[in-house]
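Order-wise, the sequence lines are chains A and R.
Counting with numbering that gives the first Met the number 0, you get residues 0 to 193 for the letters of the first sequence.
Counting with numbering that gives the first Met the number 0, you get residues 0 to 173 for the letters of the second sequence.
Simulated from the structure, these hints should not be mistaken for laboratory data.
Glycine included, every Cβ here is placed at the ideal spot set by N, Cα and C.
Check each hint, because a few of them may be wrong.
Listed next, the in silico DSSO-like pairs over lysine-lysine satisfying Cα-Cα at most 30 Å (straight line) [to be verified]:
1) Lys61(R) to Lys56(A)
2) Lys43(R) to Lys61(R)
3) Lys78(R) to Lys160(A)
4) Lys56(A) to Lys43(R)
5) Lys105(A) to Lys173(A)
6) Lys185(A) to Lys105(A)
7) Lys70(A) to Lys173(A)
8) Lys105(A) to Lys145(A)
9) Lys78(R) to Lys47(R)
If you want the ones that stay clear, here's a sample from chain A, every Cβ over 12 Å from chain R, calculated [stated by the list, open to error]:
10) Leu5
11) Gln44
12) Glu50
13) Lys70
14) Gly152
15) Glu158
16) Ala190
What follows is each chain in one-letter form.
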Amino acid sequence: MRNPILIGERVYLRALEKEDAEVFAHGSANEREHMMDRLRMPFSQVGYEHEIEDLHKRQPPENIELAVCLKENDLCIGSVGIFDIDYINGTAETGSWLGDAEYRGKGYGTEAKHLLLEYAFDRIQLHVLHSWVWEPNVRSAAALMKQGYQPAGRLEREEIKNGVHRAGLMFDVKRDEWLAARETWKARQAAVLG
Amino acid sequence: MQAIYLTGERIYLRAMQLSDKEHAAAWFNSLYPINATRAEAFLKEELKDPYSRTQHLAIILKETDEIAGGLTTSTNGRKAMLSFTAAPWIADGDRLRADTLRIVIPWLRDEGSMLSITIAVPDDEITSIAVAEELGMRIGVRLREQVARPGRRVDKLIFQALGPIWTEEEPVHA
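One chain only, chain A, in its complex shape:
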């Protein structure tokens, strides 16, 4: 493992490195799902490199984004992060992304997200987190609920797609809600693995 910060069963989280920019650029160019965002865009690797560099400029950082890597071969398959961190109020927005569709739907994202929430609640002591999902993205909304997030409301006309205004859905989660969800997930994992 390379410079791990949090370690799970199959994945670990580490700080993003400049070379991870290639993974993000490749992911944005090969994205097959079109309901995760209003418009797919092939973003430049150069831009991602700058973004990764910026992450490490301020201390304490305003955004913390971590690479999600497979333990078996150290391959970076995506990222999870906490953004717009408010250290005074103890809040932040969370986000996650797996670049290659090959790694989606296999539990890697859920495992990585639980590691991120452990980092947010137990390492840097945040009080409550929130996340935003575009209404058509039902998979992400369902994933958040499984991770302990609760519906917090909706903002209408967040984006437009096919001539129709679609809402943005907000969710929030407190530490005890996440812990309960993680216990449920661990029990399910144990049952699956026997």
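Add chain R to chain A, keeping to what the hints say.
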């Protein structure tokens, strides 16, 4: 330079100017201290593009001409997100926000035809909440315990004003 169309009973809004660096604690949206040097650098960077999608406005008390707060508007031409801050010496920041909403929401929604305007309001700021509702805003989101107060936490409400849906006009031929 007072904006005549952004003037209310007690306050008016105007564009930021470099001399505002001397009063940054009143308008800069942070609880951490900011000095004039840093404020000047911020203003020079933020004000260099007059057509920027992010605009910073100073909130001025009409009676004394003092900066009492700041309002940042971020728009993409269709949606506007507002961020408000009150000077730390203002006794009633809730009322200042309410006064600001009375001016800014009709401006953006009715004159500006914004499809959506959002602003966050802590759940214990009852004057702002009352004025927001009076202006036809709705609570879109309630984020639990997001605002820390001494010895307690309150929810953060995100109010949303919806403007009219844009429609195509029939072309006018000479």
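Against the structure, the hints come out as follows:
1. Lys61(R) to Lys56(A): Outside the cut-off at roughly 41 Å; violated.
2. Lys43(R) to Lys61(R): 26 Å, holds
3. Lys78(R) to Lys160(A): 15 Å, holds
4. Lys56(A) to Lys43(R): Distance of about 21 Å is within 30 Å: holds.
5. Lys105(A) to Lys173(A): 26 Å, holds
6. Lys185(A) to Lys105(A): 15 Å, holds
7. Lys70(A) to Lys173(A): Holds, at about 29 Å.
8. Lys105(A) to Lys145(A): Holds: lysine 105(A) and lysine 145(A) sit about 15 Å apart, inside 30 Å.
9. Lys78(R) to Lys47(R): 23 Å, holds
10. Leu5: 25 Å, holds
11. Gln44: 26 Å, holds
12. Glu50: 19 Å, holds
13. Lys70: 34 Å, holds
14. Gly152: Not fine: 3 Å to the nearest Cβ puts glycine 152(A) too close to chain R.
15. Glu158: With a cut-off of 12 Å, glutamate 158(A) comes too close to chain R, as the shortest Cβ separation is near 9 Å.
16. Ala190: 31 Å, holds
Checked against the numbered hints given earlier, this structure breaks hints 1, 14 and 15; the rest are met.
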